[in-house]
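Peer 1: Please model the entire structure based on the sequences and the hints provided.
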Amino acid sequence: MSVVFSMAAFALAASITPGPVNILALGSGARFGFKASLSHVAGATLGFTLLLVLTGLGLNELLRQWPVLTQGIRLFGVAFLLYMAWKLVRDDGRVTADGQVRAPSAWYGALMQWLNPKAWLACVAGIGAFAADGDTRLVWLFAAVYLVICYLSIACWAYAGSFLRHYLDNPAGMRLFNRSMAALLAVSAAYLFT
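Mapping of the sequence shown onto our numbering: residues 1 to 194, in sequence order.
Check before you lean on any hint, since a few could be wrong.
[To be verified] Pair by pair, the computed Cβ-Cβ distance ranges are:
no., residue 1, residue 2, range
1, L176, W66, 18 to 24 Å
2, R90, A129, 15 to 21 Å
3, A9, G173, 23 to 29 Å
4, D169, W140, 42 to 48 Å
5, N170, A8, 26 to 32 Å
6, R74, R137, 29 to 35 Å
7, A132, V68, 20 to 26 Å
Just so you know, these hints were derived from the structure itself, not from any lab. Beta carbons are placed, not taken as given, at the ideal position from N, Cα and C, and that holds for glycine.
Peer 2: Right under this line is the structure:
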């Protein structure tokens, strides 16, 4: 049972801390509300869990043999973060009544995890700590624990954003919030690029 608690503590520390996925969940909650953001939360959680399982089943070995893949993922991740920051900067702060603007989808959340260097580091470090001997039972146990913790952590960020929504009920306030989130994403990208 102590290994489950250790896995849960690791998953919580890695999942609840600020990062690109959590920043996007916060922004989605602020702009679209908690319920509308749950699709993104689920997609990001499932995308991360799949990445974790594949890392535990040997993906990390492939990356060690082909370091250019790791560099490519990192560069695409930084480019993706900068693209999202640019979209936030350009946003006018209004949610249109005709429904053209929607919360990030589940696919978007999953893709974001695969392009998120923080997610890759968490997977490699977690598998190294809890399933380095190749025991697939431990990989699956870790994935199950992480699935629950990751979902709840990202959902907390979306909920916090929905709480802020009450204070951002005008386009000017939403623009300021979006630009703040864009700055955080750009700082994350700069940090990951170095």
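Peer 1: Does each hint fit the structure? Answer for all of them.
Peer 2: Hints, verified against the model:
1. L176 with W66: 18 to 24 Å: violated (43 Å)
2. R90 with A129: 15 to 21 Å: About 41 Å separates the Cβ atoms of R90 and A129, which means 15 to 21 Å is violated.
3. A9 with G173: 23 to 29 Å: Violated: the Cβ-Cβ distance is about 37 Å, outside 23 to 29 Å.
4. D169 with W140: 42 to 48 Å: holds (45 Å)
5. N170 with A8: 26 to 32 Å: Between N170 and A8, where Cβ atoms are some 40 Å apart, the hint is violated.
6. R74 with R137: 29 to 35 Å: Check passed, 31 Å falls within 29 to 35 Å.
7. A132 with V68: 20 to 26 Å: holds (24 Å)
Of the numbered hints given earlier, the model fails hints 1, 2, 3 and 5; all others are met.
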